[in-house]
Amino acid sequence: MSTPLKRDEAFLQFLLRMGDNTLILGHRVSEWCGHAPVLEEDIALANTALDLIGQTQFWLGLAGEVQGEGKSADDIAFLRDVWDFRNLLLVEVPNGDFGHTLMRQFLFDAWHSIQLGRLLKSSDARVAAIAEKTAKEVAYHLERSADTVVGLGDGSEESRRRMQEALDYLWPYVGEMFQSDDVDAAMVAAGIAPDPASLRDEYDALISRVLAGATLTIPDSRFGHKGGRTGKMHTEHLGHLLTQMQWLQRAYPGANW
Amino acid sequence: MTRPSSDQIWQWLDTVPDPEIPVISLVDLGVIRGVEWNGDVLTVAVTPTYSGCPATTIINLDIETALRDKGIEKLELKRQLSPAWTTDWLSDKGRAKLEDYGIAPPQPAGGPDRCPNCHSGNVTKVSQFGSTPCKAHWRCQDCLEPFDYFKCI
Ligand SMILES: [Zn+2]
Numbered sequence: 001m002s003t004p005l006k007r008d009e010a011f012l013q014f015l016l017r018m019g020d021n022t023l024i025l026g027h028r029v030s031e032w033c034g035h036a037p038v039l040e041e042d043i044a045l046a047n048t049a050l051d052l053i054g055q056t057q058f059w060l061g062l063a064g065e066v067q068g069e070g071k072s073a074d075d076i077a078f079l080r081d082v083w084d085f086r087n088l089l090l091v092e093v094p095n096g097d098f099g100h101t102l103m104r105q106f107l108f109d110a111w112h113s114i115q116l117g118r119l120l121k122s123s124d125a126r127v128a129a130i131a132e133k134t135a136k137e138v139a140y141h142l143e144r145s146a147d148t149v150v151g152l153g154d155g156s157e158e159s160r161r162r163m164q165e166a167l168d169y170l171w172p173y174v175g176e177m178f179q180s181d182d183v184d185a186a187m188v189a190a191g192i193a194p195d196p197a198s199l200r201d202e203y204d205a206l207i208s209r210v211l212a213g214a215t216l217t218i219p220d221s222r223f224g225h226k227g228g229r230t231g232k233m234h235t236e237h238l239g240h241l242l243t244q245m246q247w248l249q250r251a252y253p254g255a256n257w
Numbered sequence: 001m002t003r004p005s006s007d008q009i010w011q012w013l014d015t016v017p018d019p020e021i022p023v024i025s026l027v028d029l030g031v032i033r034g035v036e037w038n039g040d041v042l043t044v045a046v047t048p049t050y051s052g053c054p055a056t057t058i059i060n061l062d063i064e065t066a067l068r069d070k071g072i073e074k075l076e077l078k079r080q081l082s083p084a085w086t087t088d089w090l091s092d093k094g095r096a097k098l099e100d101y102g103i104a105p106p107q108p109a110g111g112p113d114r115c116p117n118c119h120s121g122n123v124t125k126v127s128q129f130g131s132t133p134c135k136a137h138w139r140c141q142d143c144l145e146p147f148d149y150f151k152c153i
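These protein sequence lines map, in sequence, to chains A and B.
The opening residue of the first sequence carries number 1 in the numbering used here; numbering runs sequentially from there.
The opening residue of the second sequence carries number 1 in the numbering used here; numbering runs sequentially from there.
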């Protein structure tokens, strides 16, 4: 039998999971900057990316504080390799087309908004304050991604086909959001964060409502890819993403703004 | 020097313009959450508008510069996340200045009540996002001018 995780070690892992989700998705979304189908959508994507990267500063900043080795949010973002990242696989998959990007955003926003709602009641005041701050932004993200998913799903034949394809492709990445391990058990015991599995009913209700409005069909399969939030097995895409995101620190170690 | 009063500090801060919308002050924007003396150290609590707003660092720098110019030597800026910033904290003076400047002030209904140029209520949303994180993009159906709307959060 393994010994239970120490509270601070589990807390650090939890904070990395939160911060790596927003960091990696923020980076992915920022790849659209200058490439979106219309100017308004370009601005919307860039603003969403900016929010997510700002939120990362809070989560990884606190992770550095809890770790107690004097690391800043930037150190944690730029000086780790693939196996140290704790984000969901969903957020590291490549953008695909615009519909694919918005479907991924919707599937993430729905989980993110429910998770932050629960974290408002965290026993750790710092976590509760970050949740309070970021939940407002995420509510706005969800409103937009849900509207766009409905607009494109219940749109032309072509846009509907693409949205269904996006949903079919991304669906196997959804299950990982609700998997629990000993880190989660320690967080539940400390009253810091909810059991991920406890978010599933609310999540299913939310996405079923929106996807029905989008005339899209949720795949039957509950098969799920996993390995992102534990760091055991990321997709091959994360390494490529990091070569871009961390390029400056890799080429010019210690470079400062 | 004698220690300036909190009221005096608030007045000074009310002359520091928002770096992105310079017609309103940082006090109008509602990001200054507290001014307090601890011995000879002045602590100013500042809350960010949006998590990723690039103006946040400039705002801190501008506060520091303004107060140092007034002779404050020991200054501590404290980031305060909770309670989270809300557009309810925009001052009435700030709201009026926004409209004069051509930016529709936030409304609880979630959209502008009228065009900041011609005051027509016939307005339509172009995008939920705009030129900065705090704004959305709208257009007037009567004078046809596009305009920024300060999002209500
Ligand atoms: Zn008008």
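Please keep in mind that the hints were generated in silico from the structure rather than gathered at the bench.
A portion of the hints provided could be inaccurate.
[To be verified] When the alpha-carbon atoms are kept at most 25 Å apart in a straight line, the in silico PhoX-like pairs for lysine-lysine are as follows:
{"#": "1", "chain 1": "A", "residue 1": "Lys232", "chain 2": "A", "residue 2": "Lys71"}
{"#": "2", "chain 1": "B", "residue 1": "Lys151", "chain 2": "A", "residue 2": "Lys136"}
{"#": "3", "chain 1": "A", "residue 1": "Lys71", "chain 2": "A", "residue 2": "Lys226"}
{"#": "4", "chain 1": "A", "residue 1": "Lys71", "chain 2": "A", "residue 2": "Lys6"}
{"#": "5", "chain 1": "B", "residue 1": "Lys93", "chain 2": "B", "residue 2": "Lys151"}
{"#": "6", "chain 1": "B", "residue 1": "Lys93", "chain 2": "A", "residue 2": "Lys121"}
{"#": "7", "chain 1": "B", "residue 1": "Lys125", "chain 2": "A", "residue 2": "Lys136"}
{"#": "8", "chain 1": "A", "residue 1": "Lys71", "chain 2": "B", "residue 2": "Lys151"}
{"#": "9", "chain 1": "A", "residue 1": "Lys136", "chain 2": "B", "residue 2": "Lys78"}
Computed from a predicted structure; not experimentally measured.
Comparing the hints with the structure gives:
For a cut-off of 25 Å, the pair hint linking A/Lys232 to A/Lys71 stands: about 23 Å separates their Cα positions. Our distance criterion of 25 Å between C-alpha atoms is met by B/Lys151 and A/Lys136, whose separation comes to about 12 Å. With a C-alpha separation of about 28 Å, the suggested pair A/Lys71 and A/Lys226 falls outside the 25 Å cut-off, and the hint is violated. Taking the CA atoms of A/Lys71 and A/Lys6, the gap is about 20 Å. The hint holds against a cut of 25 Å.
Between the alpha carbons of B/Lys93 and B/Lys151 the distance comes to roughly 17 Å, so the proposed pair stays at or under 25 Å and holds. For the suggested pair B/Lys93 and A/Lys121, the alpha carbons sit about 35 Å apart, so the restraint of at most 25 Å is broken. Our distance criterion of 25 Å between C-alpha atoms is met by B/Lys125 and A/Lys136, whose separation comes to about 20 Å. For the given pair, A/Lys71 sits about 35 Å from B/Lys151 by alpha-carbon distance, which is inconsistent with the 25 Å threshold.
A distance of roughly 22 Å separates the Cα atoms of A/Lys136 and B/Lys78; the hinted pair therefore holds under the 25 Å criterion.
Consistency with the previously given hints fails for numbers 3, 6, 8, ordered from lowest to highest.
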